[in-house]
Amino acid sequence: MSKFTDFVDSVFDESKLLERNALKKLILTSKNNTSDFVRLQAESFERWTVMLADGELTATGYKKLVKKMEILTQIEEVRLTVGAKASAQRLASGIQEIVIKRLFSLI
Amino acid sequence: MGSLLLLLTLSGCSSIPVSYYDATTYAQLTALKAEATFLVESFDQKPASDNQDEINKVTLSFRKIYEYEKGKGKSNSDTIKQFEKIQNLFNYDVKNYMESGHQSLGRNYFREASVILGKAFDIAIATENLKNKH
Chain A
1 MSKFTDFVDS VFDESKLLER NALKKLILTS KNNTSDFVRL QAESFERWTV
51 MLADGELTAT GYKKLVKKME ILTQIEEVRL TVGAKASAQR LASGIQEIVI
101 KRLFSLI
Chain B
108 MGSLLLLLTL SGCSSIPVSY YDATTYAQLT ALKAEATFLV ESFDQKPASD
158 NQDEINKVTL SFRKIYEYEK GKGKSNSDTI KQFEKIQNLF NYDVKNYMES
208 GHQSLGRNYF REASVILGKA FDIAIATENL KNKH
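Residue numbers (the working numbering), protein chains in the order written: chain A, 1 to 107; chain B, 108 to 241.
Pulled out of the complex, with its shape left as it was, chain A reads as follows:
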């Protein structure tokens, strides 16, 4: 058992078995996600939880770090939007260049 799962098990008692398992599953699947961003977020969360267990973070400090995950996600969402816009822009420019300037000049 890892320090992370040990700590989660100790925080959530038997009456919160559903939450305990859901959290462990969420972190495990996120750590295997193909997205670097999701994987890093899960790894950070796990590290902070171990730091909380080891007394390197206070409960308030831990909560503040966890809340920041949401801000990082919002910044990542913008990156995904810009990536999509840039692709659409490349397609549009490519069509203009190839079809209008080159293909139509042959017709």
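No wet-lab data here; the hints were simulated from the structure.
The C-beta atom is built at its ideal place from N, Cα and C for all residues, glycine as well.
Check each hint, because a few of them may be wrong.
As the list claims (entries may be wrong) - Negatives, chain A to chain B, calculated, CB over 12 Å:
#	residue
1	2
2	7
3	8
4	9
5	17
6	18
7	21
8	23
9	28
10	29
11	32
12	105
What the hints assert, rightly or not - Covered by chain B, according to a simulated footprint, are these stretches of chain A (three or more residues, beta-carbon under 8 Å):
#	region
13	37-49
14	58-67
15	70-83
Following the hints, position chain B against chain A.
Okay, now just chain B, sitting in the frame of chain A:
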């Protein structure tokens, strides 16, 4: 031919505000990332009174870059949105440092806060790299 015309019409649409890659933005973000993360990391070791000059210096750098990005106009709204969030993360770290003092949130709290701030910059830098070049 009809499909081709439709595609051409769509390709001519300019409803999506798009900004282009800017080497100045890239350089400013990478430089500010180094300054800001280095400063926040130091919050675990130093009392706030020893860091005031550095905080003022980095805060000013944030403001200068914000004004530069804002000056590019509406087409740059995505980068501005990201930068505002990064600036808020930094301001929040400074506020916690000034109000709670060093080590009150944990002996390595600000080291982790600095990692988050660095990641936020990395995403903004990656975003700039995604933009098309003129």
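A quick look at each hint next to the structure:
Every C-beta of chain B lies more than 12 Å from that of residue 2 of chain A, the closest at about 19 Å, which supports listing it as non-interface. Taking the minimum C-beta to C-beta distance to chain B, about 15 Å, the non-interface status of residue 7 of chain A holds against the 12 Å cut. At the 12 Å boundary, the C-beta of residue 8 of chain A stays outside the reach of chain B, the nearest C-beta of that chain being 19 Å off. Look at residue 9 of chain A: its CB is around 22 Å from the nearest CB on chain B, clear of 12 Å, so calling it non-interface holds up.
For residue 17 of chain A, the condition that its CB be more than 12 Å from all CB atoms of chain B holds, with the nearest at approximately 29 Å. Every CB of chain B is more than 12 Å from the CB of residue 18 of chain A (nearest about 29 Å), matching its label as outside the interface. No beta-carbon of chain B comes within 12 Å of the beta-carbon of residue 21 of chain A; the shortest separation is about 26 Å. With a least beta-carbon separation of about 19 Å from chain B, residue 23 of chain A lies farther than 12 Å from that chain, consistent with its non-interface assignment.
Residue-level check passed: residue 28 of chain A sits 21 Å from the nearest beta carbon of chain B, beyond 12 Å. Distance check on residue 29 of chain A: its Cβ is at least 21 Å (rounded) from any Cβ of chain B, clearing the 12 Å threshold; non-interface status holds. The claim that residue 32 of chain A lies off the interface holds: its Cβ sits roughly 20 Å from the closest Cβ of chain B, which is beyond the 12 Å cut-off. Even its closest Cβ contact with chain B, about 14 Å, leaves residue 105 of chain A beyond 12 Å, as expected for a residue assigned away from the interface.
Look at the region 37-49 of chain A against chain B: 5 of its residues bring a Cβ nearer than 8 Å to a Cβ of that chain, three or more, so the hint holds. Counting residues of the region 58-67 of chain A whose C-beta lies closer than 8 Å to any C-beta of chain B gives 6; at least three are required, and the coverage claim holds. For the region 70-83 of chain A, the stated coverage by chain B is satisfied: 10 residues place a CB nearer than 8 Å to a CB of that chain, which reaches the threshold of 3.
The structure agrees with every numbered hint stated previously.
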